[in-house]
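Novice: Read off the chains here:
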Amino acid sequence: SAVISQKPSRDICQRGTSLTIQCQVDSQVTMMFWYRQQPGQSLTLIATANQGSEATYESGFVIDKFPISRPNLTFSTLTVSNMSPEDSSIYLCSVGRSTNEKLFFGSGTQLSVL
Amino acid sequence: SQKIEQNSEALNIQEGKTATLTCNYTNYSPAYLQWYRQDPGRGPVFLLLIRENEKEKRKERLKVTFDTTLKQSLFHITASQPADSATYLCALDYGGSSASKIIFGSGTRLSIRP
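Protein chains in written order, with the working numbering: chain X, 1010 to 1123; chain B, 595 to 708.
Chain X with its partners taken away, still in its complex shape (with noise of 0.2 Å):
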């Protein structure tokens, strides 16, 4: 198993500003993603965090908006940039030691933009 800290768990923002979230894994891992779930929806990828390199995001989301940290294999920061209120929402960290293998998945972050 893989135990997952993530913080803040939960914010209030103003609009644009930024939030920088962090995602603690207790042992290395080989992957990292974030999701986003907004509210009374199921779960969207937003990126895959890459060790040592940029994160690969999927269709709709980009660097600018999101920028991703990955400095190790323990440890990513996804920052929610210029947000407005239509970034409310769960942010989750998720974590896999191999492909083709179950996620594990922090507590997330609520995060509400007025």
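To be clear, the hints were calculated from the coordinates, so they are not data collected in a lab. Please read these numbers as outputs of a predicted model, since none were measured by experiment. Among the hints, a few may not be true.
[Unchecked claim] A few chain B residues facing chain X, derived, Cβ under 7 Å:
| hint | residue |
| --- | --- |
| 1 | G637 |
| 2 | P638 |
| 3 | F640 |
| 4 | L643 |
| 5 | N647 |
| 6 | F698 |
| 7 | G701 |
A virtual CB, placed ideally from N, CA and C, is assigned to each residue, including glycine.
Using the hints, position chain B against chain X.
Specialist: Structure of chain B alone, referenced to chain X:
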């Protein structure tokens, strides 16, 4: 593009009955399919993984089937209990052998009434 459909947004059944949830997918032939449980305010938790060469997999009161011809997976909870009430998500990996990109269905909210 890949699409996953869980055809029941909500399912309400009597305690002790078998709950059956459906997951259909299109435009892809995944090597495996996964099922997760999500409780309010929490990240998803892995339940079962079934591979394309497996027809059925069981874990305690849970059973998953995988029909690659119909492009469908069924998820069963036998002898259901109120504690089984949660949202259940199916997921598949469309990244191929070189990388994992797990996408999720819309989820089925299951309620077990005493």
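Novice: All the hints need checking, so say for each whether the structure fits it.
Specialist: Now the hints, each set against the structure:
1. G637: For G637(B), the interface hint holds, since the closest Cβ of chain X sits about 3 Å away, which is under 7 Å.
2. P638: The hint holds - P638(B) has a Cβ within 7 Å of chain X, the shortest such distance being about 5 Å.
3. F640: Hint holds; F640(B) Cβ to chain X Cβ min 4 Å, cut 7 Å.
4. L643: Holds: closest Cβ of chain X sits about 6 Å from L643(B), inside 7 Å.
5. N647: This hint is violated: N647(B) lies away from chain X, its Cβ roughly 13 Å from the closest one there, beyond 7 Å.
6. F698: Where the cut-off is 7 Å and the nearest Cβ of chain X is about 4 Å from F698(B), the hint holds.
7. G701: Nearest chain X Cβ about 5 Å off; hint holds.
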